[in-house]
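Undergrad: Now for the letters of each chain:
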Amino acid sequence: MNKLHFKVGLFAAASLLLAGAFVVYLLHARGFFEETFHLQLAASSADGVAPGVPVVFSGIEIGRVTTLGLNEEGGIIIHATFFKRNAKWLKENSTFTLDKPIVGGAKIRVDSPDLDAPALPDDATVLLLTSDISKELPALVERVKAVLDNVEHLTRKDGEITATLANLQTVTGRMTGEYGMLEGILGSPEKARAVTDSLDGIRALVGRLDSLALKVDGMAVKTDQWLFAPAGVAEQTHEALAQIRLMLNDAQSSLEKADAMMTNAVAISADVKEGTQDIATLRAEVDDAVSKANALVNKINKMWPFASEPEVKLP
Amino acid sequence: MARVALDLPLRANLSALENIALIPLYQRHYDAAESTRQAQAMLDQLDHAGIALLRDPDMTPAQRFVTKLARALILKRPRLVIDRPGAMLYDVPYPAFIGKLAARADMTGTWEIYDFNWNQVLYNQALDSE
Amino acid sequence: MNFLAASIESLGAKVVGWFTVGYAMFAFLAKASLLLLDRTTWNRATFDVVVKQVYFTAVQILPVFLGYALVISWLIITIILSTARDFGLTAFASEMTIRVLVLELLPFLTALFVALRSGSAINTEVALMQVNNELDALAHCKVPPMQFEFLPRLIGGVVSVVILAGLAGLLALLLGYLSIYGVSTAGFEPYTQTIAKIFDFKIMAGLIVKCALFGLAVTLIPVTAGLETPKKLFMVPVSVLRGMMRVFFAIVTIEVVSLALKYI
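For the protein sequence lines, the chains are A, B and C, in the order given.
Quick note: the first sequence uses the numbering used here, first residue 1, plus one each step.
Quick note: the second sequence uses the numbering used here, first residue 1001, plus one each step.
Quick note: the third sequence uses the numbering used here, first residue 2001, plus one each step.
None of these hints come from the bench; they were simulated from the model.
One or more of the hints may lead you astray.
[What the hints assert, rightly or not] Here are some of the chain C residues that sit facing chain B, going by a computed Cβ distance under 10 Å: (1) 2040; (2) 2043; (3) 2045; (4) 2048; (5) 2050; (6) 2125; (7) 2132; (8) 2134; (9) 2136; (10) 2140; (11) 2143; (12) 2144; (13) 2149; (14) 2193; (15) 2196; (16) 2197.
Where a beta carbon is used, it is the ideal one built from N, C-alpha and C, also for glycine.
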């Protein structure tokens, strides 16, 4: 037996075997052995969609766009292909959303809220929604800024709140004793203390809102840079948005506290002649701010369902 | 014409047997086993079967000469020219050595030896002693 | 004025030299390819020499080569993964790894490896054969040196580089999987998706053609460089030096052209 030939033969056989296995694996990976399932997505804009754009379900790719074109009415029809085994995730009530993250390629996200719903038939036509973070983020930041401006306006140094607080101080100052008339009206020192605490709360809120406004300003400037920044902006955006939400929650609760305090203050000062008018105006404005903040927080929660969006991360 | 000469060396990284077997292998398209057999037969005929697996650098000048001769003989050309054997066979009394090889080789063509005329005397001696 | 004329003349000489080298190389290649079509080339003897060449260029170095591919792949994968994590781009890490390693770096390093080991050896051997008159001796015996010496080397080089690059690539794929997902089957689906996305027919064909060209470059150029050696022993090192420089330029050119075709 020729040892050299044996070694070369072994090498060649092993290489051929590996090459064959890899080719079979590749064919498997590219779905050569699988039946396919087709969908047509009707969209208003094909911006960012190209053949090869993945369709993901829960962060896992289950299909990809094959072709796209216009139909007779000028609408956009995107053809997507799925493996038959992945078709079970596509339900009648699934939503298809075009995601264009700031960094990375576009993808079509499938959300199937109810997996017991009837399955989509092959070659069905569904609607493709657009959720474009890069477009909506600046708009959102603008809104947050507007609300914060409002709150800031309310709480500026020579603004209504400070003036009112000054008034309140004079009013309460006139009353005798440590908690004076408040104590008298509310019946106990504890209750009176709650009111003054609320006032402190407002002051703290002013400080917090100021810093928040600064941060949001910085964010708006950065938004442009993010689009080109090499770093993991998608995650930063996520964090920033989570932060905005937290701060707005904070602002909301503080404003609610202020609201409650105002109710109290109005009640207290009902008998006091001076300052009553101021407090009533302030009350209306704070109400306005509270409702605006509420609406904004709700909107943000709706737009980014932070809790309900599952994401598959590499370890 | 087949030449045996100093300026036609053997392939250095092949054994004597392989050097000879190249010719039936590439000229007459015999398979490897048959070519090797023919080459070995040629070496046996020249009474040098033992050098089959030696490579060029491991051979004595005489062994190298025999290999070259075998390579020339296996070409089966009608004329064989040995060019200045003195340059290749400096370790043996070469006229006699060539004479012995010529006697063993069974070949139909003619052998010619080109040598310097001052070596003529060596050939005369060799012929006389026979 | 004289100076100008002299420099133009030297430039002209250089250009002519390049053309001569290039022409010799392609003429040689054409001759070799024509021989491939010849039925008499495909005999047992040529096959045996090819086997020997594959043994010397690929099988003999396999353990060392795979060890070296392992270390390089592991380092590059680790660097890419940690960088991707720092920038929050883990989703792109596997694709990046495969593109950088399997498609570009490993074939290139394989070609360099084979060039340094076998290419230089071939160049020296052919130059020595030329200087020692061995080629004349073969010609006298009417043994075609092309079939017997050169063609098997070319085939062996191409086969060896393609197989070695393929093996190193498979090793890198495996290593990449293990580095990203660890010893578990959890990542099989997404990894398969990534591989499917990268390796379409065009990329696979391009990869194989590129490796084959690498294999050709690391054998054809040393052979032709060896053949043009003047019959003086002291010219052998010069011939090897020239041949290896040309091999290096050829490898870089092939890599650059392939990158340009792929991404531009």
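Undergrad: Check each numbered hint from earlier against the structure, then list the numbers of those it violates in ascending order.
TA: 5, 14, 15 and 16
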